[in-house]
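Residue numbering for the sequence shown follows numbering that gives the first Met the number 0, beginning at 0 and increasing consecutively.
No lab work stands behind these hints: they were computed from the structure. The structure presented is a predicted model; accordingly, all values stated were derived computationally and were not measured. Misleading hints may appear alongside valid ones.
Cβ pair distances, simulated, as ranges [what the hints assert, rightly or not]:
no., residue 1, residue 2, range
1, Glu240, Ala115, 13 to 21 Å
2, Ala49, Pro235, 42 to 50 Å
3, Thr215, Asp248, 23 to 31 Å
4, Asp216, Leu17, 25 to 33 Å
5, Asp7, Val174, 51 to 59 Å
6, Glu240, Gly39, 35 to 43 Å
7, Val214, Ala132, 34 to 42 Å
Note that CB positions come from ideal geometry on N, CA and C, so glycine has one too.
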Amino acid sequence: MPQQPSTDLTVAILAGGLSHEREVSLRSGRRVAGVLRDKGLNVEVLDVDAELLPRLREVAPDVVWPLLHGSTGEDGSLQNLLDLLGLPYVGTGAASCRLASHKPVAKSLLRAAGLATPDYAALPQSLFREVGARAVLGAIEHRLGMPLVIKPASGGSALGVTVVQTAEELPEAMVACFAYGDQALIESAVTGTEVAVSVVDLGDGPRALPPVEIVTDGPYDYDARYNAGRSEYFVPARLDEVQMRTVSDLAVAVHTTLGLRHLSRTDIILDDAGTAWFLDVNVAPGMTETSLFPQAAQADQTDVDELYVAIVRAALGD
Numbered sequence: 000m001p002q003q004p005s006t007d008l009t010v011a012i013l014a015g016g017l018s019h020e021r022e023v024s025l026r027s028g029r030r031v032a033g034v035l036r037d038k039g040l041n042v043e044v045l046d047v048d049a050e051l052l053p054r055l056r057e058v059a060p061d062v063v064w065p066l067l068h069g070s071t072g073e074d075g076s077l078q079n080l081l082d083l084l085g086l087p088y089v090g091t092g093a094a095s096c097r098l099a100s101h102k103p104v105a106k107s108l109l110r111a112a113g114l115a116t117p118d119y120a121a122l123p124q125s126l127f128r129e130v131g132a133r134a135v136l137g138a139i140e141h142r143l144g145m146p147l148v149i150k151p152a153s154g155g156s157a158l159g160v161t162v163v164q165t166a167e168e169l170p171e172a173m174v175a176c177f178a179y180g181d182q183a184l185i186e187s188a189v190t191g192t193e194v195a196v197s198v199v200d201l202g203d204g205p206r207a208l209p210p211v212e213i214v215t216d217g218p219y220d221y222d223a224r225y226n227a228g229r230s231e232y233f234v235p236a237r238l239d240e241v242q243m244r245t246v247s248d249l250a251v252a253v254h255t256t257l258g259l260r261h262l263s264r265t266d267i268i269l270d271d272a273g274t275a276w277f278l279d280v281n282v283a284p285g286m287t288e289t290s291l292f293p294q295a296a297q298a299d300q301t302d303v304d305e306l307y308v309a310i311v312r313a314a315l316g317d
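My request is simple: use the sequences and hints to build the entire structure.
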């Protein structure tokens with residue numbers, strides 16, 4: 000039986016917004032709201048629109064849980080606003096959000112810390128117009144070779160991401176990428192086992208949850224992530240003890256190096272030589288029915304609902 004609502008703790012969940020990931024955000028928000036309500040917390044789900052600030056004043060939450068994915072939800076903008084309002088919130092602070100959400104910046108910092116990440120170039124759309132697309136594409140092919148992964152420099156849910164096998168596929172991939180952002184990350188493709196490792200930090204240091212292995216019918220794109228049937232998940236991942244430790248250590252190192260807080264999820268490729276390659280990190284992991292953080296938490300053999308409450312209370316204590 001769900002507990003009766005407790006009046007001593009009110010949580011405002013921010014979901015929706017205007018990014019391409021609005022629907023995913025709404026699904027995440029509804030799911031987390033249901034869990035917290037079942038555990039006896041007062042919960043209000045608020046959209047990020049012109050009514051947000053009046054609604055926040057009306058609700059007067061003890062803690063805010065931002066569950067917006069992409070753009071203002073993960074680039075530090077919303078976190079800066081909550082700082083201005085003096086509201087405690089779940090997740091990484093504004094400065095570290097800016098570092099983590101911009102993929103080329105995150106990769107640069109992690110590489111400087113000695114962590115493995117594929118070779119890459121980050122190029123704005125304007126450069127292709129100024130220098131000439133043909134010349135730029137030729138330089139990409141010459142320096143990075145094939146295959147490549149083309150993705151927006153910011154954003155998530157695999158929107159605008161294309162795996163390119165030949166030079167002929169590059170122009171179309173760039174067009175698809177620039178539909179979701181003005182800067183592209185062009186990255187050498189790494190093959191191996193794809194895993195996602197979630198990290199939680201409730202105040203006693205970051206801890207990796209069991210890695211989730213992802214096996215997909217085709218590319219792990221938006222459809223494969225959020226519509227059942229395209230992807231198969233193995234939790235924990237089918238790795239040996241050394242491999243498990245390798246990917247878990249990388250995720251914790253990413254969390255620590257970038258100064259993340261409360262929770263994160265790192266996407267990794269483990270190659271046949273045993274090297275774990277950093278691909279991306281999410282400071283506001285999806286919480287939908289098919290999302291990877293909830294699957295990892297379930298496999299951790301802890302009470303997932305209690306974990307979400309503990310995350311809220313950790314944010315209240317910071």
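Hints versus structure:
With their beta carbons about 20 Å apart, Glu240 and Ala115 fall inside the hinted range of 13 to 21 Å. Between Ala49 and Pro235 the C-beta distance comes to about 44 Å, which sits within the given range of 42 to 50 Å. Taken as a hint, the range 23 to 31 Å holds for the pair Thr215 and Asp248, whose Cβ atoms sit roughly 25 Å apart. Taking the beta carbon of each, Asp216 and Leu17 are about 31 Å apart, inside 25 to 33 Å as hinted.
Checking the proposed 51 to 59 Å range against Asp7 and Val174 shows it holds: the Cβ atoms sit about 53 Å from each other. Remark: the range hint 35 to 43 Å for Glu240 to Gly39 is upheld by a beta-carbon distance near 39 Å. The beta-carbon spacing between Val214 and Ala132, approximately 35 Å, falls within the hinted interval of 34 to 42 Å.
Comparing the model with each numbered hint stated earlier shows that all of them hold.
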